[in-house]
Amino acid sequence: MITEDPKHQDIHEYLAEMEDIPGTRVFTAARARVGYHINQFAMSLMNAENRAKFKADERAYMDEWPLTEDQKQALLARDYNRCLDLGGNVYFLSKLFSTDGIPFAEAVSTMTDMKFPEYREMMMQGGRSPEGVRSIKANEAAAAAKKEDR
Amino acid sequence: MARITAGVASSHVPLLGVASDFNKDRDEYFGPIFAGYDWTRAWEEAEKPDVVVLVYNDHASAFDMKIIPTFAIGCGERYKSADEGWGPRTVPDVEGHPDLAWHMAQSLILDEFDMTIINEMDVDHGLTVPLSMMFGKPDAWPCKVVPLAVNVVTYPPPSGNRCWALGEAVRKAVESFPEDLNVQVWGTGGMSHQLQGPRAGLINKEWDNMFLDGLIGDSDHLRRIPHIEYLRETGSEGIEMVMWLIMRGALGKKTRALHRHYHVPCSNTAIGHLVLRPDNGEGLDMAGSGVTAVAAE
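One line per chain: the protein sequences are G and U, in this order. With this note's numbering, letter number 76 in the first sequence gets 76, and the count goes up by one each step, no holes. Heads up, this note's numbering is the position in the second sequence plus 1000, with the first residue counted as 1.
None of these hints come from the bench; they were simulated from the model. You can trust all of the hints, since none of them are fake.
DSSO-like mimics (lysine-lysine), calculated; alpha carbons at most 27 angstroms apart, straight line: (1) U:1254 to G:7; (2) G:7 to G:137; (3) G:55 to G:115; (4) U:1253 to G:7; (5) U:1024 to U:1205; (6) G:115 to U:1205; (7) U:1172 to U:1253; (8) U:1080 to G:53; (9) G:137 to U:1205; (10) U:1205 to U:1254; (11) U:1048 to U:1080; (12) U:1254 to U:1172; (13) U:1254 to U:1048; (14) U:1048 to U:1172; (15) G:115 to G:72; (16) U:1024 to U:1137; (17) U:1066 to G:72; (18) U:1024 to U:1080; (19) U:1137 to U:1048; (20) U:1066 to G:55; (21) G:7 to U:1172; (22) U:1080 to U:1137; (23) U:1080 to U:1066; (24) G:137 to G:147; (25) G:115 to U:1024; (26) G:53 to G:72; (27) U:1048 to U:1253; (28) G:55 to G:72; (29) G:53 to U:1066.
All figures in this text were calculated on a predicted structure; none of them were measured in a lab.
Only chain U is shown next, with the shape it has when bound in the complex (with noise of 0.2 angstroms):
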């Protein structure tokens, strides 16, 4: 059977996409960004994962104002990285789980999330930036990758409360597919960052650390922050976190933290990062498995 290990949230900051791939993911600027992911991506090296589901948000990439899903999934066999104006990034094409992901429409639906189904997009820095992040800059990307993309551009975006719960949903989907895979979730965008208008720039340390708090452990209180907190105490753009929230939902009662980041700033944005285990008895290794071993090579 499939089985969620872990999952993962941080910032998909389109800058970062530039460090990386223009080389200057060690300088002043971006290298305390990046040093905050080498625990990450060691980690990742000895997890090796199948395939990941990755939450995250379109742009005006592949999906502009004509169609605007609120919750779709790609089942689609790969996907190319987005021209989104500068031309496409040169990182490797994101190969899907088609099996899995039609498998996980399938359930969602009859567990009544009415998910769109997407076989054929591009992909921009909202789903290449945190595959870039936690895996540096690999031939092809070390696993597969079931898109899961949320509107959060236009209002009124999904609550926190149903997110969580489709997370709860997809937890339920991937345990259900017969294949032995380890699977894992991650959420992306935010921290705090408004790109729009006068009040733009705006970060919130404070309450971006209290909600990275809020993902640990056993309360599920985040799920019912409504719209406008997010919008008064993180900024327009902040809304992204509640993508982290499906990502939290996908790993049942309980979490704990294996890793932790944060660093403003990113261009306009406040990094946020963490790795989680969910911790309700499956027997997964806490301490960061094997790490030091890979560390050490």
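Bound-form chain G, shown alone (with noise of 0.2 angstroms):
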């Protein structure tokens, strides 16, 4: 468990700490403010009434909302790692999988490289493991260091 002292904390170098997360995109500033349409529309689908007028036409009650068309083409193919690199963040993508009556952990397992089934299964099993998935800096380390070895 590693400890410091949080006054000692570079605004840089914190940013680029959370960009070293394998498969992992959190939710920084930067992605909020590209995001901010996204996850207001997200929002816009707690109330039943939107909900209707989304399910019945996706496309055209996306068209009445500032999204890019990236943003709206990865919300109807319901990419949601491409709306999470869009800005999207997860609770409020949680209004979509709602309005589709998906469960969460469903929703969540399409981010994955694993089926749903497979996905629960692994749940099941204690979880994905950290060993491996802490650091992109610190995997290509070992991989280039693996290369020298050969």
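With the hints as a guide, bring the two chains together.
Now the structure itself:
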């Protein structure tokens, strides 16, 4: 368990570290800014009337929001990793999961390389180990060292 | 005078609310999770707290991206259960304690914690699931609640150190309230879980248990864990554990554990639960008060 003096936190180092985790999009200010309308659009689905409108014509409903074409395509395709890349946040996107009537864990599993039954089984077996997925840089360094060994 | 008699930590996975509301809480999947709270339910019946200061985070329910308060305190009379996209939970309304909450808000601001004050809001699973876990399914919640909402969604959330210090200020605020109240502080959320991206499903039992260990006793090393450590070791949503440090900070220098429970999985998440007593000569019952008596009834 690493501990350090919080007074020594440099903002640039902090933000760089946030991008160093494999398979993870930390919801930083940069993402929050790009994704503002994705998240507010998703938020609007908390209202039953809006859900009905969206379901009747997804494209037309989204056209009422200042979303980029990329964002609309990602949402239409339910490509949640792409939504995260375009600034979506999972708690907001979860309004779309419930509009679609799928369990949270199932929607989450679509972001991994597993099908839902396989993902659920992994969770039953204790979940995904942090081993090997802590740091992109550390993984690259380990791979480089291995290459040199050969 | 009001006094803090205990701290409770608990995960607040929304699926637990569903399990409770649809009577699945004793089935094969949820049974082992809820069983770990049986002790606490009996203990709470004996403890009869007047007020719970409930530290939690909103999950895009009361707050959207328009306004993002880092620390917010609910000073309202009552709060309804939020509609999170599948209709509100059928749980009782949450009754606030505006006198204590306003007193705390003033005291915290004078103590240099610039709180956002909320008079009206709905509360989501982050707040209502812990109530269900600790109190079951009563017609009305047996205590009043002061909601303390923390931003752990948009980065950066407050540091662990700041959370701990807020807890210390909460203690000072509660103890300067003139009415004689039995107050508990609950820290909720966590433990390890990641709900997004290819790394979703991450769980770290070893780290979670080190964190539980660290809340017990007189060490304050947990306050110096940087965000990146939570992210790498416990998944992107494991950061919720900083909210437990507000609870821990409110218990003073030393704590003793009365009850502990850990279970994997609940949906995508590791469940952690801990009941702590402040142990600084307050003269509180360390055996778990009338639990045995209640259990025997």
